[in-house]
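Number of protein chains: 2
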Amino acid sequence: MGLVVMKFGGSSVADADKMKVVARKITAKKNAGNKVVAVVSAPGDTTDDLLEMAEKVSANPPAREMDMLLATGEQVSISLLAMTIDAMGEKVVSMTGPQAGITADADYTRAKIRKIDPKKVKAQLAKGNIVIVAGFQAANPKGDITTLGRGGSDLTAVALAAALEADSCEIYSDVEGVYTTDPRAVKNARKLDYLSYDEMLEMAGSGAQVLQARSVEVAKKFGVEIHSRSTFSDNVGTIITSEEKIRRKKMEALLVSAVTFDKNQVKFTIIDLPDIPGVAAKIFGKLAKIGVNVDMIIQSAAVDKKNDISFTVSKQDIKKTQLELDKIAAELKASNVVADENVAKVSVVGIGMRSNAGVAAQMFEILSKKGINIEMISTSEIKISCIVDSTDLTKAVEYLHDGFKLAKKK
Amino acid sequence: MGLVVMKFGGSSVADADKMKVVARKITAKKNAGNKVVAVVSAPGDTTDDLLEMAEKVSANPPAREMDMLLATGEQVSISLLAMTIDAMGEKVVSMTGPQAGITADADYTRAKIRKIDPKKVKAQLAKGNIVIVAGFQAANPKGDITTLGRGGSDLTAVALAAALEADSCEIYSDVEGVYTTDPRAVKNARKLDYLSYDEMLEMAGSGAQVLQARSVEVAKKFGVEIHSRSTFSDNVGTIITSEEKIRRKKMEALLVSAVTFDKNQVKFTIIDLPDIPGVAAKIFGKLAKIGVNVDMIIQSAAVDKKNDISFTVSKQDIKKTQLELDKIAAELKASNVVADENVAKVSVVGIGMRSNAGVAAQMFEILSKKGINIEMISTSEIKISCIVDSTDLTKAVEYLHDGFKLAKKK
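Protein chains in written order, with the working numbering: chain A, 1 to 410; chain B, 1 to 410.
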């Protein structure tokens, strides 16, 4: 007996048959004696279809209207899923994000949740209803519909679980949980039983696409335990919880929990920058202003009062970064700006690093032994990332996965 | 200078190009110095697509969830139309029915508007915005989304026009206005300049599909003048207004304003009913209970304490009517129930009938002269309807249209 929040992504509700699979999972959970709140995303390609419609009428649609449009996707999911569950003979009611009491700040397209008033959800649960809530959406203080950005349904689920003080928050997807690395890239990738919030955050930030980073932050803040598992099996997935709890269970943390990678990187180098104070601040300040997120940075030692500076950004930002850097380079009289798209980032993540200093050295050794050149390095308390040539990426991931003994036991 | 409510149906916003035509009409109205509120329906076939999705998951979807689903159609229209207008450089904001302050009773799928609080719409107009409102939808007292039934967007437009005390209410469609009869059936059908609320109501109730009947009732009640016109031309259409105003303008009302027809009819006959009191009440009471709307009724004189009773219903009710009548016939020991689908209704409508008694006689004479047999007759103050064999319908409409001199002047 408990209160369970279950979240299903768009691919899980893409058509009537999949919707029935989801409905059966929800009713089974209810029949096992739980109160159930299910959060769903827009079905399949709906969001892309809506974006395409918008493109046809406007090159630059107002964000408010975009949110009004996109929010219809989840509204279709919740009503159809409620009909499906009703047809199975269970009591059910659907709610949009605003109806479920989710309010956000005044930002459109990537609003932040400000408050959840779960009164109406609780009232429906008390009546014995399964409650289906639209993910990804909220109302702003003016009563406009806003959306929470990519992966916002995860955030809705975790925030609702926190507000309802749910006993568990299950995030369903088409994978069995969180893996030691992407199973599509490395065959003997192993499903992890436990993962800490911080590890999950580092993984989300370095290419793994299982859970949205903001939702993990909220889960950590409110102590919501996330169970990442598959829509299409009954297997236990991966529990994302506090480091303390994991240490208690596992006695000793693994040195490295996972290897992640990100092909969506481009390296920019500004050549022959004058070595005067404030140059870096100027460059990165201007990039921040136009919304470009800079990841890794490396600066060469000055020679003749000039040096080079390299950094990575996401591939989708390549054009506007190039434009801005050309202006900056001209202004600062640097000699050239070079963009290199043939790079990729590979990272190892693990809370074990906190108490073991040798992980970085071990990583560099594994890569160098196999002749893989490291172009840039960055580290955090529980993550080490390297930029390598993109043609080396597959090998790098495999070697690290083997080298840190993450593979499935035979 | 004035406040204009403009309503556009689903076919007017079916794709990006049509949406641009509508957007230009709206901005032109604004640029002529008016405040503009536009009400739109769901684009093209969206509602049918949504109904089909619902069918796939449930044979009998809950009405509440059906409304939640269907309301997404208009939300797509309003946001896309607002984007289109914004791209033309005009200030615009979209609102769902609930956001526009439209509240309805607790009924789903055919809710009745209880109140409109136009505060938010007025505030946006005062800021110089064009306001795009989703037709067909409202919020019920619980905060659920409800819909207003077929043609509900007309009702939204008229009710908003009343609440805003608009100077005019323009209902756009793909026809130029209201015609003396269906121009697809009779080539020389003539567009009417004026029509009274009552005539429009009788026409809507007898097969003409220009305006939804409930919206005309509301227009009559609040004195909202409706201008029915085409999305695809700038011609003046038909003004639907009070009888008094028409008489003032035209000095003398026409005897007959229009000929309408309805092929969606089926005639049931129960044969050899016992002639005892209360039989008719029993039959029609039971049909009302299962939601069947009975139109025309004829009862034969009793012979041997038995008589026949015939009446018409809409074709979509044929199955449930047959099932119910079979039960009733067995119970009352009638000998048989016969359904005749080869019937159609033809009507003449005109406020001139109020002061001229001879219209019915004239109608019967026109039909009989041409050898058309009348199976059933019903009359109201300003309408006479006849049931004829469906193979005679086209001729009947033509003869009446000619006979009452409704054709275009050459």
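Hints were generated in silico from the structure; no laboratory data involved. Please note that the accuracy of each hint is not assured.
Note that identical chains are pooled: a pair holds if it fits in a single copy or bridges any two copies.
[To be verified] Listed next, the in silico BS3-like pairs over lysine-lysine satisfying Cα-Cα at most 27 Å (straight line):
(1) K142 - K30
(2) K29 - K56
(3) K120 - K142
(4) K250 - K289
(5) K305 - K29
(6) K142 - K122
(7) K115 - K220
Just so we're clear, the structure is a prediction, and the values are computed from it rather than from any experiment.
Outcome of the hint check:
1. K142 - K30: Answer is between: at 25 Å across copies they meet the 27 Å cutoff, but 36 Å inside does not.
2. K29 - K56: So K29 and K56 pass the 27 Å test across copies only (23 Å; inside, 43 Å).
3. K120 - K142: Answer is both: 20 Å inside a copy and 10 Å across each meet the 27 Å cutoff.
4. K250 - K289: Neither: 44 Å inside a copy, 67 Å across copies.
5. K305 - K29: neither (67 Å within a copy, 64 Å between copies)
6. K142 - K122: both (24 Å within a copy, 15 Å between copies)
7. K115 - K220: Within one copy only: 17 Å inside, 46 Å across.
Hints 4, 5 from the list above are not met by this structure, while the remaining hints are.
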